[in-house]
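S.K.: Chains as they are written, first to last, in this note's numbering: chain A, 1 to 113; chain B, 114 to 224.
FYI, nobody ran anything at the bench for these hints, they're computed from the structure.
Where hints are given, some of them may not hold.
[What the hints assert, rightly or not] Cross-link-like lysine-lysine pairs, in silico, DSBU-like; alpha carbons within 30 Å at most: (1) B:Lys150 <-> A:Lys59; (2) A:Lys3 <-> B:Lys173; (3) A:Lys3 <-> B:Lys167; (4) A:Lys62 <-> A:Lys3; (5) A:Lys57 <-> B:Lys150; (6) A:Lys3 <-> B:Lys150; (7) B:Lys167 <-> B:Lys150; (8) A:Lys53 <-> B:Lys167; (9) A:Lys78 <-> A:Lys62; (10) A:Lys78 <-> B:Lys150; (11) A:Lys78 <-> A:Lys57; (12) B:Lys179 <-> A:Lys59; (13) B:Lys150 <-> A:Lys62.
None of the values given here were measured: they were computed from a predicted structure.
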Amino acid sequence: GPKVLQIPSHQIIDMGQMVTLNCDPVSNHLYFYWYKQILGQQMEFLVNFYNGKVMEKSKLFKDQFSVERPDGSYFTLKIQPTALEDSAVYFCASSRDSQDTQYFGPGTRLLVL
Amino acid sequence: GDQVEQSPSALSLHEGTGSALRCNFTTTMRAVQWFRKNSRGSLINLFYLASGTKENGRLKSAFDSKERYSTLHIRDAQLEDSGTYFCAAEARGSALGRLHFGAGTQLIVIP
Numbered sequence: 001g002p003k004v005l006q007i008p009s010h011q012i013i014d015m016g017q018m019v020t021l022n023c024d025p026v027s028n029h030l031y032f033y034w035y036k037q038i039l040g041q042q043m044e045f046l047v048n049f050y051n052g053k054v055m056e057k058s059k060l061f062k063d064q065f066s067v068e069r070p071d072g073s074y075f076t077l078k079i080q081p082t083a084l085e086d087s088a089v090y091f092c093a094s095s096r097d098s099q100d101t102q103y104f105g106p107g108t109r110l111l112v113l
Numbered sequence: 114g115d116q117v118e119q120s121p122s123a124l125s126l127h128e129g130t131g132s133a134l135r136c137n138f139t140t141t142m143r144a145v146q147w148f149r150k151n152s153r154g155s156l157i158n159l160f161y162l163a164s165g166t167k168e169n170g171r172l173k174s175a176f177d178s179k180e181r182y183s184t185l186h187i188r189d190a191q192l193e194d195s196g197t198y199f200c201a202a203e204a205r206g207s208a209l210g211r212l213h214f215g216a217g218t219q220l221i222v223i224p
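Just need the whole structure built from these sequences, with the hints factored in.
M.R.: Listed below in structure tokens is the structure:
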């Protein structure tokens, strides 16, 4: 089936540093999403993105978070500066339409020390 | 998270048998997806339903928006069906595409 790729698969950084998580969505998809899963907890929605804009963000999407997809390349989640509580697995997803199947990447495991 | 209650949390099945997983919703949902997380942690798409039922091989899923539930039936379970299964649903009235996930059902298929 359609594949979403995420780079890197793992990232360890020191608190206060910046990190960028990269997502390569399915090629003809127009809607993009980030979800966060803290160890032992449920997957939680962070943000969705369409036509170059954030459509909705949850309360987990802190001011230190930003997303973009410059020139149709990677869809990125940037955290600047990082905090200890940002340690989690971040999943990217994409869909062709807003009411359609979302395909998920394998996740980026972020550890903030 | 709180809008989706998934059960059971864990399930053991002998090969060849079957069972059902269920997600109850505390609000009206527009659509539901079912996933299986494989050993690498990737979410494998199983079904997307806006209503009714769908079947794929030994799996069958149903979604009733009015009654606020969805089910995933597994029949003739095989060892490779082992994994964690998740439902995720879009609430009517919330942002399009915003999925609320259940806590998952860990399925172990025993030889």
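S.K.: Verify the proposed pairing of Lys57 of chain A with Lys150 of chain B, using a straight-line Cα cut of 30 Å.
M.R.: 25 Å, holds
S.K.: Is Lys78 of chain A close enough to Lys62 of chain A, meaning Cα to Cα at most 30 Å?
M.R.: 11 Å, holds
S.K.: Going straight from one Cα to the other, do Lys179 of chain B and Lys59 of chain A come out at no more than 30 Å?
M.R.: Distance ~28 Å between Lys179 of chain B and Lys59 of chain A Cα, so the pair holds.
S.K.: Given the hinted pair Lys3 of chain A and Lys150 of chain B, is their alpha-carbon gap at most 30 Å?
M.R.: Status holds; Cα separation ~15 Å.
S.K.: Does Lys167 of chain B sit within 30 Å of Lys3 of chain A, going by the straight-line distance between their CA atoms?
M.R.: With Cα atoms ~22 Å apart, Lys3 of chain A and Lys167 of chain B stay inside 30 Å; holds.
S.K.: Lys167 of chain B and Lys150 of chain B were given as a pair; does the straight-line alpha-carbon distance stay at or below 30 Å?
M.R.: 20 Å, holds
S.K.: Given the hinted pair Lys3 of chain A and Lys173 of chain B, is their Cα-Cα distance within 30 Å?
M.R.: Between Lys3 of chain A and Lys173 of chain B the Cα gap is close to 23 Å, so the pair holds against 30 Å.
S.K.: Take a quick look at whether Lys150 of chain B and Lys62 of chain A sit within 30 Å of each other, Cα to Cα.
M.R.: 27 Å, holds
S.K.: Does Lys150 of chain B sit within 30 Å of Lys78 of chain A, going by the straight-line distance between their CA atoms?
M.R.: At roughly 26 Å apart (the allowed maximum being 30 Å), Lys150 of chain B and Lys78 of chain A satisfy the hint.
S.K.: Just to be careful, I want the Cα atoms of Lys150 of chain B and Lys59 of chain A compared with a cutoff of 30 Å; is the pair within it?
M.R.: 26 Å, holds
S.K.: For a C-alpha distance cap of 30 Å, please report whether Lys53 of chain A and Lys167 of chain B respect it.
M.R.: 34 Å, violated
S.K.: Take the C-alpha atoms of Lys78 of chain A and Lys57 of chain A, compute the straight-line distance between them, and say whether it is at most 30 Å.
M.R.: Given pair Lys78 of chain A, Lys57 of chain A holds - Cα atoms ~14 Å apart, limit 30 Å.
Hint compliance for this structure: hint 8 alone is broken.
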